[in-house]
Every structure is written in C-alpha cells, then in structure tokens.
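S.K.: Each chain, written out:
Protein chains: 4
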Amino acid sequence: MTRLKMGMVGGGIGSFIGDVHRKAASIDGLIDLVCGAFSSNEEKSIASAEALGIPQKRAYGSFEQMILEEAKLPEDERMDFVAIVTPNHVHFPPAKMALEHGFHVICDKPLTLTLDEAIELEKIVNSSGKVFALTHNYTGYPMVKQARAMIAKGDLGVIRKINVQYLQGWLATAVEKTGQKQAAWRVDPKKSGIGGALGDIGTHAENLAEYITGIQIEELAADVTAFGEGRVLDDDGNILLRFENGAKGTMTFSQIATGEENNLGIAVYGTKGSIEWYQENPNELIARWLDKPKQIFTPGGNGSYPEASDYVRIPAGHPEGYLEGFATIYRSFAKELQQINSGDTASTLPDFPTVKDGVRGMKFIYAAVESSNNNATWTKI
Amino acid sequence: MTRLKMGMVGGGIGSFIGDVHRKAASIDGLIDLVCGAFSSNEEKSIASAEALGIPQKRAYGSFEQMILEEAKLPEDERMDFVAIVTPNHVHFPPAKMALEHGFHVICDKPLTLTLDEAIELEKIVNSSGKVFALTHNYTGYPMVKQARAMIAKGDLGVIRKINVQYLQGWLATAVEKTGQKQAAWRVDPKKSGIGGALGDIGTHAENLAEYITGIQIEELAADVTAFGEGRVLDDDGNILLRFENGAKGTMTFSQIATGEENNLGIAVYGTKGSIEWYQENPNELIARWLDKPKQIFTPGGNGSYPEASDYVRIPAGHPEGYLEGFATIYRSFAKELQQINSGDTASTLPDFPTVKDGVRGMKFIYAAVESSNNNATWTKI
Amino acid sequence: MTRLKMGMVGGGIGSFIGDVHRKAASIDGLIDLVCGAFSSNEEKSIASAEALGIPQKRAYGSFEQMILEEAKLPEDERMDFVAIVTPNHVHFPPAKMALEHGFHVICDKPLTLTLDEAIELEKIVNSSGKVFALTHNYTGYPMVKQARAMIAKGDLGVIRKINVQYLQGWLATAVEKTGQKQAAWRVDPKKSGIGGALGDIGTHAENLAEYITGIQIEELAADVTAFGEGRVLDDDGNILLRFENGAKGTMTFSQIATGEENNLGIAVYGTKGSIEWYQENPNELIARWLDKPKQIFTPGGNGSYPEASDYVRIPAGHPEGYLEGFATIYRSFAKELQQINSGDTASTLPDFPTVKDGVRGMKFIYAAVESSNNNATWTKI
Amino acid sequence: MTRLKMGMVGGGIGSFIGDVHRKAASIDGLIDLVCGAFSSNEEKSIASAEALGIPQKRAYGSFEQMILEEAKLPEDERMDFVAIVTPNHVHFPPAKMALEHGFHVICDKPLTLTLDEAIELEKIVNSSGKVFALTHNYTGYPMVKQARAMIAKGDLGVIRKINVQYLQGWLATAVEKTGQKQAAWRVDPKKSGIGGALGDIGTHAENLAEYITGIQIEELAADVTAFGEGRVLDDDGNILLRFENGAKGTMTFSQIATGEENNLGIAVYGTKGSIEWYQENPNELIARWLDKPKQIFTPGGNGSYPEASDYVRIPAGHPEGYLEGFATIYRSFAKELQQINSGDTASTLPDFPTVKDGVRGMKFIYAAVESSNNNATWTKI
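Chains as they are written, first to last, in the UniProt record's numbering: chain A, 1 to 381; chain B, 1 to 381; chain X, 1 to 381; chain H, 1 to 381.
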C-alpha cells in the first residue's frame, strides 16, 4: 500500500480549519502532507512549512505556483491531490486549476463563492475525470451513518417530520471588529458569498438532513436575519421545510445563539420510529419507537449496523470525535484514489460528499436568501 | 384558614385530565372536592361520586343542575368554584353559567371552542367580578418561573431568538379509530374547534414562550398538516415566529412524532445569555452565557431566585413533577379566592393564567390556521 | 368508598417531612388529616392545626393525649391511623402506644432510636393485629418497581454486582451550629441513634438495594467517618457489600458531598443485563444488555411491566416526582386499611415497607457501626 | 522541526491497542512510524509492515532484532524511540533492552508483569538517561486536566471523598473461550500478572484518581472476585480507599458489568466544591459548589483554565475523543524528545505518566491482591 501525497492550499499555522484537515488526513496513516501554498505570503508559507516539517522547496507562495511546480515533479514524488482549506472565495480558482492540471481535489464547504461558480465547477469535475470530495465532515460520524442506515432499511417507516438545528454563539458580539480572522471573512460577502451563517453552518444542516434521510428538500420558506450591528450577511435564520416525499420540518441556525458552542442536531420522525442526534454528544444515537422502549445506539455497540460499525476505529465506549468524523471523509477519499491508482474505475456512488452535494448546498443558500428577501415565500431549491 | 369547596364539570372516573385536576387540587390541602357533574349521564356521575367519596346527593347529571342546585345551598356548604375539565366544546357553556350564577371558575385549555366564544367569555368574566383561571399548567414549574425571572431581570440581555417545541407521538397511528376516547374528541372539529394539535398542545407552546419571555408573538407563518389518514384537523405543524421586540424563532409541534411522549421544550437566546428547558426533565434549567460556563439550575438549588424557589415544596434534589406544577395553578387560584373571601380586592396581576391568556391562545390558533390556509403567509396574531 | 382519617405526631408548620407526609397522604384523595399532636408545645400544635384547617379541639399537646382522646371518639369520627413524622427518638413511644390503643401506624424511617426498640416494636406490631407501614418512600417510584420486576422475572439473569450511593452535601458545613433544626437533631445521638448519615440516608440505600434486587446483604465492611468538626455521628461512609447469593458491591453515602442535592442511585449487574437508576431523574430507568442496545424505560412508556405501570398516575412523559412516590406508600397503606375495614384479612405480603424492613434497617446501622469500629472488619447483618 | 521516528513492538494488523498507538502517534504530525517488530512471527510482521506502508527491510521478527539492527543505522535514519504495545509479559524485556541500547521508550500499561520487574525497570530508566513514558491515556483528556487544575488551585477546598469506577461488560461471558485474543491473554496470569481486571482497568482508575487529585492512596481494603467460570484472575472488584490526606473513598471496577462499554468515571468532593467526570462523555466536566449552581465545563469553553485549554485541538463544541487524549501523551512525549534532541535537559516533571506512575500502579495491584487474599484487610500501597 502506498501512502498518498497531499498538497494544501491555505491552512497556514494558526488557521483553524487547515489544522483540522491536516490532523484528519493523518489519523489513519494513509496520507502524507508533502507540500503547500499555506499562505499567499511566501514567507509565511515557508514558515508554516518549516513548522510542519516540510522542506522549504515545497512551500509555495501561491496555489498557481504549487500546481505548476508540482506537476513538473516525477510521478512518485509529486502530490497526488490538493486540499483546499481557504475562505469561500478561494475555493473555485484553485479547484479548477488543480483539476485541469490532473490533480484530484478535496475542498472545504461551501463549494464556492457563487452558484454560477458551483455549476461551472461541477462541469469541470465531470470532464476532468478526477476525484472531487467536499468535506461535509459531519456525515463521517458513525452514529450519523447508523441513522442513515436505519432510515434506508425502513426501520423508521415513512418519514414525515424532520427538524434540524445548528446553533452557535460565537458571533453573539461583534468579534469581527476585534481582529478575529475567522469572524472577519465570514461576515464579508466578498469572501463568504451571499450567505453568512447560511453558508457556514446552514449548508451543514441541509446536507445532514438530506444525507441521513436520503430525502431532498423540495421547497423552503426562510426568514434569515443579520442581528449583529452593521452586518450585511445573515447570522441567524429560521426555515420551514417541505421535502420531496411530503415530509415537513424546520431548520433553525444561528451564530448569535449566545453560549451555544457547536450544537448541530437533528430529529427525524417516521411512521414506525424516530431518531435524534446531536453533534456535541456524537457517540449517542437516540431511537424511539411506536411500541418499544427508547434505545441508545453507540458506535460499535450492540445493534449497530455494519454501515455504521465499519467506520468505528476503536471498541465501543471509547469516544471518537470531530477529527475522526472528518478523518473518515479523508480516508474514503484516499481509498477511492488508491482504487483508481491501482487501475480500477472510479466509484459511481463514492463514499464521501461530492461536487453534487456542493452544488446542492449552493442552491440551498440561494433559495433561502431569495425566499427571505421575499418575506419567506415558498421557494424551490 | 377555611378550605375551599370545588365542584367539577366532567372528569368522571377513568378520565385523564379530570383525575389530574383532582390530584392537583388536593396536594396542598387547600381545596376539597364537594360535588360534581362528572358525566352527562346521571348514573355515571353518581358512580364517579361514590368512587370519589362524595355523597350521592351532590352528584349531578348536568352542569346546569349542579350550578342551580349548589346555588341554593347555604353559603358555608355550597361549592366555591367550578372546575371545568370537559372537552373544548363544553368549556364555554358551563363557564358562562357558573360565572353568571356567582361562582368562580377554573377551566382547562384551550379556552373555548371558537374565538367568538372566547371573546364573549372574556367580557362575561370581566363583568362578573368573579375569578377565572386557565390551567396552562406548564407555567407552574419552578424552573419555568426561574427562566421567566432571569429574563425579566435582564440576565439574558435583549432576547433575539426563541425556539419552542411540543412533540408527542400518541396519534402516530389512527388510535381514534380504536375507541380511544382521548383521541376521538381531539380529532373531531365539533369538539376540538378549528385546531387539532394546534389547540391541544400548540397553545401550550405559545403560552410557554410568551410567559417565559414576557414578549408577545406579533406574526407567524404556519405550515400545519393532518398526516393521519382521514383526519381533518392538524396533527403536526411548523411555524416561523416574529416577536413584538424583533426577536425571531420557530415553533414545531406534533402528535405524530413517533415515540415522543410529552416533549415540550424551549430555548431562548439573548445578547448576554440563553436558557433551555424541557418538560420531561423539568427540574433542570440549563443556562448558557457569553463568558461563563454553562450552568444547571434546580428547584430550590443554589442560585434560584425567590420568584422560583417560593414555588418549591420540598428541598432541592427531591424532584417535583407534572402534578405539582399543575397544583401550583390551583394553589395560586385558591389563595386568590381566600384573599377575596377575606374581603380583599382581587389581584390586578394574578399569579395564574387568566381569560386573557385564553383569548390569546384562541387568537394564536386562528392566526395559525389562517396562515397555513394561505400557504404560510405571515399573519398577525 | 370511605376516606380514611389520619392523626399526625409531629409535623408542625415549618417542618420538612411533616409537610411531605401530608401532601403525600392527600394526593390520591383517600385520606383526610383530622387531628394531630403537631408539637409537644400545645400552643404551637394549635397554631399548626389552624393553619391546616383542622378544628382546634383536635389539636393536641402530646401524642399521649391525642391517642387517649381520639380513642374516646365515636368510631366514624376518630382517627383511623397515626402518622409519625418526628425525629428518630420519638418513633418508638408513639408507635407502641398507638398500636396498643388499636390504631394503625405509618412511621418515618429509620424505625427507632435503637435496635432493641426495633425488635420490641416488631413484637408489638405482630401481637397488635394492626397495620404498620414504614415510609421508605423511594420504593414508591414506578421505575424502581420496574427494575424490581425486571430482576424478579430474571431479565437480568443472575445478579453479580450491586453498587448503591446516596450523596448529599447539605452538611458540608456546620449548619447544625446555625440553628438549622433539621441538621441539629440529625447530628445528636440522643435523637438520631448511633448512626448519623447511616441512619438518615444509608438505610434508604440499603432498603433500595434489597427492595430492587430481592437479595439481602449478608455481610459488610464499613468505613464511616465524621468529617464535620465536633461531630460524633458519621456524616459519610463507604461500605463493601456481600450479598446472600454471592453478589458483591459497594455502598457510598455522604452528607458532606459538597454540591450534591439528593443523589440516591443504584446500578445492578446480572449475567444477562443491568439496570441503573437515579432518584434525581426518577422517570428514567437505564437498562443495558449483553446483545441489545441500551434502553431507557419511562413510567407508563413502552415496555413497562404492569408491576410498574400500575403505579403511574398520568400518561408517559408527564413526570411524577418525590411526592408521588411517597404518596404511593400512603395509597397502598390506605388500601390495606380499607381492605381490613371492609372485613378482609390483612395482606401477608403488603405492598409497602413494614416493620420487618425497619428492623432490617436498624440491623444494618448496627452492623455498619460495629464494622467501622473494628476498622472495617466483615460483619454480618 | 524534525519529525520523530517510531519503532513499534507488537501491534500487528488486527491488534486493538497497536492501532490506537499508531493513530495517536500520527494525529499531531510530530511522529512517523518507521519500523516495527509487529509480531514474533516474521512473516506476519512483514505483512503488517506492508499494510502500513513501511519498507519490508524495517519489519523485524523480534524486538531484539529490531533494536540491534536499528542501532546500526545512521542517526538520522534509525528510530528515535520504541513504542511497546504487547501484552504485559512482553513489556519489561523490550523496554530494558531498548533503554540499554540508547532508545527512548513509550510503553502501554500496566508497567510490567511483576512488581519486581517494575522496580528493576525504574532503576534502568533512571540510569539510562533516556525518556520513558507510560500510556495512562485517560490523563490526556482536557477535562481531566481541568479537574486537576481546579483541585490544584484549591477551587474545591480540602478534598474529603473520592469515588472512582471503571466498568466494562465485555468479559460478562466466557469470550476467552471463543478465540477472542484480547480476552485470552488478559485472563492468563502468565501474560497478565497477578491482576486481571485490576491490572487492565483498575490501574487506570488508581492513576486517574491520583492524577486528578494529586493525592496518593495510602491504604486500601479490597474484595476482588473472579466471577467467570474457571477464571483464576479477578474480573471484578470493590475497594475501600484511604488517602494520605485523610480523604476516603471507593473504587469499583468490573469487566463483567453486563452492558457497560468503557465506563470510567470519578467524583471528587472537597469542602468547597466537587467535580464529576465520565470517560464515555469526556467533553463535559460537572462541577458542583457550596453556594453556586452546578456548572458544566467543556474543552476550550468558558471558564477553562489554560492547564486544560492548552490541550484542546479544536474550538469548543467540537468533541475530541479517546484517540486525541491518547495522542496528547504521545505529543508531550514527542516534545520532550525534541527538547532533549535540541540539547536541552530532560524535564524534571514531564507532562506525561512516567515509570514512577508505572511502579505505583504495580504496587496498587499487589496491595489489592494481598488485601483481598486477607479478606479485605487494610493494606498499605
């Protein structure tokens, strides 16, 4: 088995999500970080490389340079794929260029700055023949996979109600004015796009609901708000949902929900049973039934389906967390690349979020903004 | 101190809510049940009286008979007030007649069958000079009162987001067709009114949100549904909320949320802190803060405000439940009557839900139905 | 159905446990409080009676007076039974006198001040032909009964491990020196007996473990401590347990466990499954299994045995608390008296704790003190 | 920064703890696995190396071979340290040999097969000048470090009561007879030593209690049992604890606690406050106080001390799990080696468990077995 070589765009030392991607990529021992355009400032990029134990010659001052230079290296030396961990406005350009130069891509969400970019990127991916993964990392949790499997097998019967929430409080005050970089770009439409919290966390909620249930949102009525003084992008929102199968539900999300840390949660109700799951306590899946006591499923615990327990790294009772869920996306992506590298064809249903999920997320953002601008009129995704 | 004498309309042996009212009325030793029109069938009424240890002569075959006969008894013998525990369509007639014959009234929610009745009843109450209480029992929980006090004192800052839910699963199947009486009248518009789950539990959610925050819902966009085959009244709904102070939120309620028992819950987010509370675990109030660790308040525990701890019957750590919360409404009602009986004037802000809350609940039902009929158009309450 | 008439010894206005007994006795509408020796100070007793709506003539200045006077009243007027809610040293005298004058007795725990008294009281009860109940109230919780039923039916297999705890923190500081009456008598061996926390809460833990499992503690090795400065009675203890069937376990109890409110809990492990229950969250029973997911049982919820659901007053999801559990003891006691009053014989296995349980509790206290005095040597109960 | 090179003893593909060590070592990007004696069967060792992406020439058939061959390699190529992940009886020999050949060592717990080995190993470590870390991984959780910091700063006042538990159920049936390798060696005294569950999990509980409180157990009274038919080593135990400062407590541990997964937990009570923590929900630390509401601390959340938050990899609300806690031991070990490699002296109080902790764990096992053999007589550690 040959380990895969990763090049990174963004993620200089001190960044939040870059470090998450690196740790997630390394947990399972399948991937080595070999190069990076960690910053658009070459000095900073080199400093980051040094701190990460990467030779200076493979620290680049721009993603363009990285892609061009790496492409020149011998096949067994050059990077296999690019990990894009920059703010939203720097997703499309490096993704497009990497794919066009023959590199696979794994990219943070939301997919792009605009819906147009997203649609174009989907075409580029399809014509490139390369693999593209989107890190909707919450789908990597074993209990999310257990819920998905239970619903797919019909354990819950026909799904009728879906409530999803993503509540954070870190923008409850104007932290973007205090020099907090994570906040600064997120409230800037030039870097975030037309959605604020919508893009940052609403898309996770949308993706989670559709991933777990296998049912798409058909239309929505959204009431999104910028509570923070001077903010132009939403930092809070409430949405009525109607699903393609007739199910109905709500989404509520916020980055001004004071005191909340990272409270992504979902409840799905079917005719025979229901499930409930919260990201902050990810190793418990609550199931309720018409005629049986409430059950608590755990990763690898009694009653786990293989669809979930196959993703568990350690015995039941040994909690796995956010990084492991994230790592599961990287592992599945890596296995897909190994499969392809060994001469097999690409999977038709790969085991990670793809550019399709990314386009859907962008459509969700656009539909929600449009609906909200029309005073919560029903709007198709 | 003289104990108060209660006459009951409805609540024959075997009824759910009648028994709840009786137990709630007796916990604090302030009230004695002395008579009842427990059933419109006189024989059944007498059988109920016998089982309850009430003399046969004070078991009546109709509320009209009870009111007329009791009015003839000497003052120190006749009932002081009427408790109405019948289905919705039998709220207005006995309430009107009792008030007009000089009896105080305590009545189950929602207030009446129709909004017109509600408005008329408010007038009757006001002109009667009698006390009228509505058993929105969930406001009786100490932790609900703690949350209300914290918000009133400004501990949470300016309220910006309010999410409330009331989830039950007992109508997930067509139990109304199995002879289940509780279900049968609730799905019948002649007995329930224009709201199904809306009236039965949605009004509790509305009342709880407004009671805890002291902020009224200004307008709503509702999407209510009758999922159960053949049902004409809603058994599920999702509502966007806008509050008078600019706060926004969601309400989701259901009686087809399979496996849920009685999951009433609320989360309120302010600029400085937030609270979260669930009825099934009523002795915990979760508080989150901008800059302090999460706290868990308990009835009578450290940090309780007098506004809450005054309602606690037993030391911290000894859980009180649904009946105690319900009893708190009865106790406050009884104390009001004792105050009046001792010659004092009635309270201007009585410590229990009143006919005003009942009218508001009816307006909520009507606004939600209207909004939903108009495809979730924003509708003022 | 005739309601039963209760006379109370102790429990003047302001007492903790007297008020609990009164509320517990009244919830189910089977019992009326008709008289009391609420205080050994006659004036205070009268004041209490007045506050409770009891005629002055039936407020007595001593239990002796109450028993003698009530015995003279006509049968349909005099009290049916005596409720003893005084500190431990005033359990035996009124119990003995009441029984000998033909009154049934319900008494708070622990049974008596000394083991000798306990053994003598058992003889008196047996020869009196009267009913004696001991308020080990925690056995009244539906989920305790569910656990007991599951174990009795063999659902858990052979029991091998039993851990029980009762943790409070209210004596973490020297509150007995601040005029707190509840604390003052509990730390006084003349009023409490040889056990401090041992008698006050350790006996509850012992009773709960034996009630739930149906298995008796055979021997114990106890290490009890008086942490509070100047205290002569234990306020904390840790005990190794060996049960008659070969099971082993631990008990830990404390009244100096800072911040704990009333944390009684138990875990029982068998060869096929296990259960876990906590008094502060009494409406959940956790069950774990060899080969099935963890389950959560609720009162009246799916999977409840009749042995538990028969004790539930309201539908699943409507929490019952401490008072309801306590009331269940009173209700069972009342039904036993009604059965006897109607001419039936007394139950051989009555549905409430009896003098036998009380003697056992006293033996537990004495064994634990003896073991601890011998540096935790194994001591038979 | 140069990454460190790790050689592994044990941990062939399919092993539980070997894989854990590898993942833990790789999360933070400081360590590369470069060689291994993954099995005493050379073919299996080579197969494991291949699966792990390690060149065949660095797959060894014995730890002796690995140590001798690696020692011959150039300094910048050979392994820096040995990770020992074998059953207990293969801890001492490779540790001794590695240290004597100039390699640092990180080793799984318990330290050795016998106490004599442990004492000898401590001498070898001390005279070697090399670094030795023991993977008591549970000390790596941020909330464990928060609890430790709170106690060290005196937030809880004087510690008076310490209860610790470690409950598993995986040996509730005779899985060792089904070919389960993990079980087979753990029940074999030749491979496990004189303690069964005592060594496997009891030592974790002992270490956790002493690490969090900074207080040593002085003496204990142990009642350990082999419930499993035919087992010679304990699979369950209950212990009374007395600490050097006068605190008292209990330990209960089991591998036959049916349905328990990995329930390590601790509660510590001081004069001013108390804490409670459970490994299965590791991102919550419960704190209770004399006069403030209960608090819940989270990693990196409000109120975290730097002593805890310095160990958090991702923002509050993003759960970290078992692997991250384990990785923290590896990271601290790696930083110590980097510090030494850069010419600094070794830390006098290194930030990871050392051989001293290992010797203490062995003394704990021996004291507990001795006490239990003497019918739970108090025995000094």
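Don't read these hints as lab results, they were simulated from the structure. Heads up, a few of these hints could be off.
Since the list gives no way to pick out one identical chain from another, each pair is judged satisfied if it fits inside one copy or across any two copies.
No more than 27 Å apart at the CA atoms, straight line, and that leaves these computed lysine-lysine pairs for DSS-like [unchecked claim]:
| id | residue 1 | residue 2 |
| --- | --- | --- |
| 1 | LYS5 | LYS335 |
| 2 | LYS292 | LYS272 |
| 3 | LYS292 | LYS153 |
| 4 | LYS123 | LYS190 |
| 5 | LYS292 | LYS181 |
| 6 | LYS292 | LYS380 |
| 7 | LYS177 | LYS96 |
| 8 | LYS335 | LYS153 |
| 9 | LYS272 | LYS181 |
| 10 | LYS153 | LYS190 |
| 11 | LYS181 | LYS191 |
S.K.: Next step is simple, just say for each hint if it's right about the structure.
M.R.: Results of checking the hints against the structure:
no. : hint            : result
1   : LYS5 - LYS335   : both (13 Å within a copy, 25 Å between copies)
2   : LYS292 - LYS272 : both (10 Å within a copy, 19 Å between copies)
3   : LYS292 - LYS153 : both (18 Å within a copy, 18 Å between copies)
4   : LYS123 - LYS190 : within (24 Å within a copy, 58 Å between copies)
5   : LYS292 - LYS181 : between (49 Å within a copy, 23 Å between copies)
6   : LYS292 - LYS380 : neither (38 Å within a copy, 42 Å between copies)
7   : LYS177 - LYS96  : neither (33 Å within a copy, 57 Å between copies)
8   : LYS335 - LYS153 : within (26 Å within a copy, 48 Å between copies)
9   : LYS272 - LYS181 : between (47 Å within a copy, 23 Å between copies)
10  : LYS153 - LYS190 : neither (43 Å within a copy, 40 Å between copies)
11  : LYS181 - LYS191 : within (12 Å within a copy, 54 Å between copies)
The earlier numbered hints that this structure contradicts are 6, 7, 10.
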